[in-house]
Structures are given as C-alpha cells and as structure tokens.
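Put chain B on the given structure of chain A with help from the hints.
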Amino acid sequence: MQMSKRRFLMLAPLSVAALALAKPVKKEKVIKIEARKFRFAPNMIELKKGEAVVLELTAVDFPHGFSVPELKVRADLVMGKPVQVRLQPQEEGQFTFLCDNFCGSGHEEMAGTIVVKA
Amino acid sequence: MIDRRNFLKLSAVGGGAVFMSGLFGAAQAVGTGYDDFYFVQLSDSHWGYKGPANPDAQNTLRQAVAHVNALEVPPDFIVFTGDLTHTTDDPAERRRRMTEFKEIVSALNVKTVHFLPGEHDASLDNGAAFQEMFGATHYSFDHKGVHFIAIDNVSDPGARIGEAQLAWLKADLAKQAKDARIVVLTHRPLFDLAPKWDWATRDGAQAIELLMPYQNVTVFYGHIHQENHYMSGHIPHHAAKSLIFPLPAPGSQQARTPLPYDPQQPGKGLGFREIEAEPKEASYQLVEFPVVKG
Chain A
40 MQMSKRRFLM LAPLSVAALA LAKPVKKEKV IKIEARKFRF APNMIELKKG EAVVLELTAV
100 DFPHGFSVPE LKVRADLVMG KPVQVRLQPQ EEGQFTFLCD NFCGSGHEEM AGTIVVKA
Chain B
107 MIDRRNFLKL SAVGGGAVFM SGLFGAAQAV GTGYDDFYFV QLSDSHWGYK GPANPDAQNT
167 LRQAVAHVNA LEVPPDFIVF TGDLTHTTDD PAERRRRMTE FKEIVSALNV KTVHFLPGEH
227 DASLDNGAAF QEMFGATHYS FDHKGVHFIA IDNVSDPGAR IGEAQLAWLK ADLAKQAKDA
287 RIVVLTHRPL FDLAPKWDWA TRDGAQAIEL LMPYQNVTVF YGHIHQENHY MSGHIPHHAA
347 KSLIFPLPAP GSQQARTPLP YDPQQPGKGL GFREIEAEPK EASYQLVEFP VVKG
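Residue numbers (our numbering), protein chains in the order written: chain A, 40 to 157; chain B, 107 to 400.
Only chain A is shown next, with the shape it has when bound in the complex (with noise of 0.2 Å):
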C-alpha cells in the first residue's frame, strides 16, 4: 500500500527525533586559537581529562607552526584558514605547546599552555 505524502510528512520528524534519542549526538566543544606573532591567543587552555574538544587555529600574520610534544600533536598552520586539531587528553597535568616553525625575532617566546584537570 503506497503511503500518502500526507502521512510521510507526520512520520518524517519523528523518524529524525527517534534516531536521534537512539544515537545521541555530541557536539564537539571548539576552542578558537589565534596565532599572530609572536603569541597564541588565547595562551592558557583548560581541559577536563577524557574531553573531546577541538582547536581551530588560525595564523594571521605567518604560516606558523602549533605542537604540543608531550601530547604529540602538532600541525602546519595556514595563514587566514582556520586549521582543526582534535584533543582528547587522557591524563592531568601542565602541557606547554608552542610554534615550531621559526617565526622570528619573538618566536622564542611563542608559547602557552594546556591545563588538564580531573
């Protein structure tokens, strides 16, 4: 028997609302990252342990670098597109990240920090 387009309508929306109670979907907590020289803005990012969460950097004034070595990320940065680093840090602690492609006369100093807490 061939539904009536009336009666698609009225199940369509609760098709969406039951496959969305069977299959929750998270959204992802994005922290936006700015990075112009010679600082990452914002420097200092708090992080609850075994949270997803996604950085969108964007490099403003040099293709700088973004690298947390002791959570081994990092990536090249494009200068004015916003680039997606996915973290989901599995223990507490003080993370220093910074930019690794030699930016110049502040690059030093380039740097910030990832907190994680329980």
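Don't take every hint at face value.
What follows is a set of in silico ranges between Cβ atoms, one per label pair, in the way DEER data are often shown [to be verified]:
hint: 1; chain 1: A; residue 1: Lys-120; chain 2: B; residue 2: Lys-156; range: 31 to 41 Å
hint: 2; chain 1: A; residue 1: Asn-82; chain 2: B; residue 2: Glu-315; range: 29 to 39 Å
hint: 3; chain 1: B; residue 1: Asn-165; chain 2: A; residue 2: Arg-78; range: 49 to 59 Å
hint: 4; chain 1: B; residue 1: Asn-165; chain 2: A; residue 2: Pro-102; range: 44 to 54 Å
hint: 5; chain 1: B; residue 1: Ala-277; chain 2: A; residue 2: Gln-123; range: 19 to 29 Å
hint: 6; chain 1: B; residue 1: Tyr-245; chain 2: A; residue 2: Glu-90; range: 33 to 43 Å
hint: 7; chain 1: B; residue 1: Glu-238; chain 2: A; residue 2: Asn-82; range: 56 to 66 Å
hint: 8; chain 1: B; residue 1: Thr-205; chain 2: A; residue 2: Glu-109; range: 35 to 45 Å
hint: 9; chain 1: A; residue 1: Lys-120; chain 2: B; residue 2: Val-216; range: 49 to 59 Å
hint: 10; chain 1: A; residue 1: Pro-81; chain 2: B; residue 2: Met-337; range: 31 to 41 Å
Capping the alpha-carbon separation at 25 Å, the derived lysine to aspartate or glutamate pairs in DMTMM-like fashion look like this [claimed, not checked]:
hint: 11; chain 1: B; residue 1: Lys-156; chain 2: A; residue 2: Glu-148
hint: 12; chain 1: A; residue 1: Lys-88; chain 2: A; residue 2: Glu-131
hint: 13; chain 1: A; residue 1: Lys-111; chain 2: B; residue 2: Asp-309
hint: 14; chain 1: A; residue 1: Lys-76; chain 2: B; residue 2: Asp-196
hint: 15; chain 1: B; residue 1: Lys-156; chain 2: A; residue 2: Glu-147
hint: 16; chain 1: A; residue 1: Lys-76; chain 2: B; residue 2: Asp-231
hint: 17; chain 1: A; residue 1: Lys-76; chain 2: B; residue 2: Glu-199
hint: 18; chain 1: B; residue 1: Lys-374; chain 2: A; residue 2: Asp-100
hint: 19; chain 1: B; residue 1: Lys-156; chain 2: A; residue 2: Asp-100
hint: 20; chain 1: B; residue 1: Lys-374; chain 2: A; residue 2: Glu-148
hint: 21; chain 1: A; residue 1: Lys-111; chain 2: B; residue 2: Glu-269
Sample of chain A residues at the chain B side, in silico, Cβ under 7 Å [as the list claims (entries may be wrong)]:
hint: 22; residue: Pro-108
hint: 23; residue: Gln-127
hint: 24; residue: Asn-140
hint: 25; residue: Phe-141
hint: 26; residue: Gly-143
hint: 27; residue: Glu-147
Just so you know, the hints here were simulated from the structure itself, not pulled from any lab data. For each residue, glycine too, the CB sits at the ideal point set by N, CA and C.
For chain B alone, coordinates are given in the frame of chain A:
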C-alpha cells in the same frame, strides 16, 4: 686492560672543564694517516641582538675573537655552529648584520673558518642570505684523518633536514669505512633534547639512524646556549656555550627565557671550546674557555 665500552669522563682541569669522548680500544684497528690536531668551536654569537640579556653585546664577539687569537697554539681551524647573527625580518638588515659579523671574525688569526647557519640566520629566507655571504649550508670536508660533515637543520623553518639532504648524507657516508673518524657539525640537537622548547630536529632521528652503523661518530652543535653532553647509543652529542647569553637547563622551567644578566660577572655562562682530536684513538678532548681571557 682497557675496557672497550663507551667512555665518557668529566673532570676539572685548571679553570676549565675537560671532557673526553670516544671509544677506548679502537686504536688497534687503525692504520696510518692520522695526525693529532685541535680545532675551536664557536657558537651562537647572535650579532645584532640588543636586549637586557646582554647589555655588552657589542663587545662579546670581539672579546671571543681576541681570546681565540691569544691561544698559545693556534687551532688548525675554527667551526662556527650557527646563529652567527640575530634574526631580523628585514633582508637588508640581515645582510648588514652578516657583513659586520664577517668583518669582526676576519680578525681571527686562523683563516680557515667553517660556518654553519642557525635558525636566526637562515629560517626566514630558507638560507638565501647565508649562502650569499658564507656559501653552502651543508657540506663535508676531511682533515688529518677525520671526516667532518656539516648538517643544515635550520634553512627549513620547521627544523627539518629534509629528504634531499638526508639522501646527500647517506651518499656521503657511503664513501666512509665503518670505523672512519666522523665528526658531525650542526646547529640544533639532532635528538629530542627538549621538544617543548623547540630543542630538537624534526627528522633528526633519520640522520642518527644513518650515522648509527659508523663506530666513531661525534656530534658538536649549538642552539641551546650551554654545555650539554648526551649519548644516543654510541654517538656522543656535545652542545656548546653561546657568545651572547646563557639559557636555562633543558626543560627546567616553563619558558626558555635567557638567564638574567649579572653585571658583576658580565661573561658568566658564555664561552667557546677547544676540541683536541686524537684520530688514532678516535677520541676528543674538550676544553671549555670563557669569552674573556682570565
């Protein structure tokens, strides 16, 4: 009987530290053609730096040149392991600093000087100005039975040696016997000394892998502005002091900020070293000197 294990010994002699590095017992395997000599390693003069970490920056390099010239016996040659100049965004200013640097070091009595770039010299223009002023950024040469290899890990701002140079290194090493005396000169540490301070070479492990089959390799580098000694397997790595300002011990604090200037001891933490090579024994004796002759 001499133990054939890797030998590292640090002892104080007079006013300077002496560091011996090498393989004991290797002499028996060696033929003729070796001759003892010594060379000097200077590093990280950062010519053009202006800042509180060294208010006397205009004089430090000249003082080091004067001290090297005052050495009782002149070295066979000098190596300068990078960061000759302090970085600048202005290409003309970069060349001006390199020109001034060359004028100052031209006062060295020793005319054979091998220059390597540091990231402050080369990373913002991929080594273009350095090559104009000093020549190739990677090369090799032989001296009295020792094969020297200069590796460039700074012309790529991302601290990579790169596939092309690694292929060159592999080909250069292929011409050497496995027991050849090999000295590697470079700017950054080839190993992961403190990656969170950018004290590493991103593909340095590949260079070390190429060097590993060779029994007598020693690495001298700069970048970290302090003396440091490290073994990766049988390969010793020796970092040199700088001629501008000292930096903290690797990873010892949050930021890699220069150690505070001490007006009572203006040259504190700065210096250069002699390396006395005994190729027959495959050993090197390191003697550290302050910038100003005491």
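Outcome of the hint check:
no., hint, in the structure
1, Lys-120(A) - Lys-156(B): 31 to 41 Å, "35 Å, holds"
2, Asn-82(A) - Glu-315(B): 29 to 39 Å, "35 Å, holds"
3, Asn-165(B) - Arg-78(A): 49 to 59 Å, "32 Å, violated"
4, Asn-165(B) - Pro-102(A): 44 to 54 Å, "37 Å, violated"
5, Ala-277(B) - Gln-123(A): 19 to 29 Å, "40 Å, violated"
6, Tyr-245(B) - Glu-90(A): 33 to 43 Å, "50 Å, violated"
7, Glu-238(B) - Asn-82(A): 56 to 66 Å, "37 Å, violated"
8, Thr-205(B) - Glu-109(A): 35 to 45 Å, "42 Å, holds"
9, Lys-120(A) - Val-216(B): 49 to 59 Å, "50 Å, holds"
10, Pro-81(A) - Met-337(B): 31 to 41 Å, "40 Å, holds"
11, Lys-156(B) - Glu-148(A), "16 Å, holds"
12, Lys-88(A) - Glu-131(A), "6 Å, holds"
13, Lys-111(A) - Asp-309(B), "15 Å, holds"
14, Lys-76(A) - Asp-196(B), "15 Å, holds"
15, Lys-156(B) - Glu-147(A), "15 Å, holds"
16, Lys-76(A) - Asp-231(B), "17 Å, holds"
17, Lys-76(A) - Glu-199(B), "19 Å, holds"
18, Lys-374(B) - Asp-100(A), "37 Å, violated"
19, Lys-156(B) - Asp-100(A), "24 Å, holds"
20, Lys-374(B) - Glu-148(A), "23 Å, holds"
21, Lys-111(A) - Glu-269(B), "22 Å, holds"
22, Pro-108, "4 Å, holds"
23, Gln-127, "20 Å, violated"
24, Asn-140, "5 Å, holds"
25, Phe-141, "4 Å, holds"
26, Gly-143, "6 Å, holds"
27, Glu-147, "6 Å, holds"
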